[in-house]
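Engineer: Once you've looked at the hints, dock chain B against the given chain A.
From first to last, the protein sequence lines stand for chains A and B.
Residue numbering for the first sequence follows my numbering, beginning at 1 and increasing consecutively.
Residue numbering for the second sequence follows my numbering, beginning at 214 and increasing consecutively.
Warning: the hint list may mix true and false statements.
[Said to hold, decoys possible] Some chain B residues flagged as far from chain A (calculated, every beta-carbon gap over 10 Å):
#	residue
1	V266
2	V292
3	Y326
4	L386
5	R406
6	P426
7	L439
8	D497
9	Q524
10	L572
11	T606
[Claimed, not checked] When the alpha-carbon atoms are kept at most 16 Å apart in a straight line, the in silico EDC-like pairs for lysine to aspartate or glutamate are as follows:
#	chain 1	residue 1	chain 2	residue 2
12	A	K156	B	E310
13	A	K156	B	E306
14	B	K547	B	E561
15	A	K156	A	E104
16	A	K156	A	E79
17	B	K307	A	D157
18	B	K547	B	D605
19	B	K438	B	E393
20	B	K454	B	D508
Hints listed in this document are in silico derivations from the structure and should not be mistaken for laboratory results.
Being a predicted model, the structure only gives us computed values, none of them experimental.
Even for Gly, the Cβ is constructed at its ideal location relative to N, Cα and C.
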Amino acid sequence: MSAPHSSAEGHAPQHPVRAALPPALADSIIDEVTHGHQTGLFVRTPDQRPILEHLRLAQGFEFLKDVTAIDLLGRDALERFQVVYVLCRITDQTTIRLHAWLPEEVESVPSVVDLWDSARWGERETHDMFGIVFDGNPDLRRLLMPEDFPAFPLLKDYPLTGQGERRQFPLVRPRGAEMVEEAPGPYPVSIGRGMHTPEYIEEVKRESKPREE
Amino acid sequence: MSPSRGKSSSLRFAGGTPVPSAATLEREFAAGARPGHHQNIFEVEDEGSQRLVMNFGPQHPATHGTLRNIFTLDGETIVEADVEIGYLHTGFEKLGEGMTYQQWVTVTDRMNYLSAMNNNVGYAVAVEELLGIEVPPRCQALRVILCELSRIADHVLCVGLQGMDLGAFSVMLWAFEKRELVYDIIEAVCGARLTTSWTRIGGIIRDVPEFFPDLVYQFLDEFPKLHKEIHLMLSGNRIFKDRVQGVGVVSREQALSWGISGPIARASGLDLDVRRDRPYLGYDQYRFEVPVHPDGDSWARYLQRMAEIEQSLEIIRQAMATLPTGPVVHEDFKTSLPTKHNVHTDMESLIHHFKLVMLGHGIRPKENAMLYSSTEAPCGELGFFIVSDGSDTAWRIRIRPPSLYNYAIFPRIAEGIMLSDSVAILSSFHIIAGELDR
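Only chain A is shown next, with the shape it has when bound in the complex:
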């Protein structure tokens, strides 16, 4: 699979929103992809904050439609995550997406709650589902999952089966003629702080283990 970014920069005509950026900000855009009626601009992670500020304050993108993320684990991609902002300028109905590449080891991305209030729950849900921490968002509690839920379900390494009690038991698999016991696999750990630190996960596992002798 090829990367969702290519080095076609400079050949195709630029999107007017990108052309209106000041040169310092326009340099940080590493890619521009148009599909259908919509254009996505790609940047690396801390760079999206000044661009979003410019879009909001100077270019009139007053409507933040959505904040979400994509987990590209296992793909031939630049980094593991993309944080996606869908913006709309309501005067001429220009809709544009800004994708911020986020490496797995980076702890947090800057929040934009001071620019748009709709980012409050958008970022909160993205944190809930991906564990991405938005630095500056005052309320990053769990939104849809229970408060004591230890994992982040939209990560690609979140197991679809075997979650819960089944993890408490060793796995018995046939190997040749005999049956071999295997320890359960490691708990999915990904970026972010707080609920999914290894200590917290150990604590949850210990507390939910009913048959320890």
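Structural biologist: Same frame as chain A, but now just chain B:
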């Protein structure tokens, strides 16, 4: 033998302990003991404080679903509000990563269960835009008609429930009665009432039955009477007006910043409507207005929905008058399912059907194609952000539910108002929990 009076009660718990009398409980309470089951209902912070924390929901008839509001009350005034959502979370987005594009249509029914057609159509439009195909004109017109019918059913139910929450119970019953006309039509075209699964990528299940125009024209005849009756019942009703006027004001700036869309945004003077701003399904062929109210209170939201019902009726009239004939499924069978009749009688169609339905073949958008596509659902802007990895299942499907962004502002609006007003606001916001939690 008469029971002896003056002795302790003969009621006993399962363990044999006698149940304490009310007087005993009262005495214990005065001495400082707090019964355990009361702790969930209220807690006294300190001596002399009147504040109590109250759970408003998730099981309260006025919350219209599993919404939990945690209100800190001072007397009857809400001083602090918090909401907890997620009681209906079923992982639709995660399901989308394991199901093919056609299969996931059934999941969209469960989002806004009052107008499942709009979700079906919104999702189908999103995938079709991702694939770059356009459905035939008859399919477009039928989708518009069914979408607007569902929108009317959704709006009229919201208005009815708004009346019910404030004491006008008969409005809700009338709304439910006439809403059945819409469900009769939906049942005639797809066989189901609520979970419709009517659209397919590139078309719809099958063409509508012959008597479809009769049903729609019957609806167009009968529904305006109800619309007029609701106006007579509520628009001049002093009790209703006193409860909703000036209550729960959302300003235009707030609506813009909080990402509010749909009737709530338009009732706050924010002139946004995807049908007009970025026409899909040939909405630009129909003449309709987008009503806007500047006030932003619950009363404006009521009037807004009533005005939008009129416009939807107008769109249905125009679409029925100009309903084209022809196929209802896109002709490229690399992306659209052939009709059932052809599958049974035609070898080519059977092969196409097999290829589309078998896991691992199906519809394959271009690798790394991604698109955010939105349609106007009754609650607001319903967006689907689909990322393809070139296979027949999406890499990621993000739903942008209107209710989520509409509801985020609710704690802010609820702070500082009376408890009874929160019911008037919540019913005018029309939050659908299935769509909110997904």
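Engineer: It remains to establish, for every hint, whether it holds in the given structure.
Structural biologist: Now the hints, each set against the structure:
Non-interface call for B:V266 relative to chain A: holds, since the shortest CB-CB distance, roughly 17 Å, exceeds 10 Å. No Cβ of chain A comes within 10 Å of the Cβ of B:V292; the nearest lies about 18 Å off, and the non-interface call holds. For B:Y326, the requirement that its beta carbon stay farther than 10 Å from each beta carbon of chain A is met, with the minimum near 18 Å. Annotated as non-interface, B:L386 keeps its C-beta farther than 10 Å from every C-beta of chain A; the closest such distance is 34 Å.
Non-interface status of B:R406 relative to chain A is upheld: no Cβ of that chain comes within 10 Å, the nearest being about 28 Å off. With a cut of 10 Å on Cβ distances, B:P426 stays outside the contact zone with chain A, its closest approach being about 34 Å. The beta carbon of B:L439 is kept farther than 10 Å from every beta carbon of chain A, the shortest such distance being approximately 34 Å. Interface exclusion of B:D497 from chain A stands, the closest Cβ pair being 13 Å apart, more than 10 Å.
Against chain A, the non-interface label of B:Q524 holds: every CB pair exceeds 10 Å, the least being about 19 Å. The beta carbon of B:L572 is kept farther than 10 Å from every beta carbon of chain A, the shortest such distance being approximately 15 Å. Distance check for B:T606 against chain A: the nearest CB is about 13 Å away, which clears 10 Å, and the non-interface claim stands. Distance restraint check for A:K156 and B:E310: the Cα-Cα separation of roughly 9 Å lies within the 16 Å cut-off, and the hinted pair is therefore satisfied.
In summary, the hint linking A:K156 to B:E306 is supported, as the alpha carbons are separated by about 12 Å, within the 16 Å threshold. Restraint check for B:K547 and B:E561: satisfied, since their Cα atoms lie roughly 11 Å apart, inside the 16 Å limit. With a C-alpha separation of about 13 Å, the suggested pairing of A:K156 with A:E104 holds against the 16 Å cut-off. Distance check on the hinted pair: A:K156 and A:E79 sit about 14 Å apart at the alpha-carbon level, within 16 Å; holds.
Note on B:K307 and A:D157: the hinted pairing holds, with a Cα-Cα distance of about 12 Å set against a maximum of 16 Å. This hinted pair checks out: B:K547 and B:D605 have alpha carbons roughly 12 Å apart, not beyond 16 Å. At roughly 15 Å between alpha-carbon atoms, B:K438 and B:E393 fall within 16 Å of each other, so this suggested pair holds. Of the supplied pair hints, the one linking B:K454 and B:D508 holds, its CA atoms being roughly 14 Å apart against a limit of 16 Å.
The structure meets every hint from the earlier list without exception.
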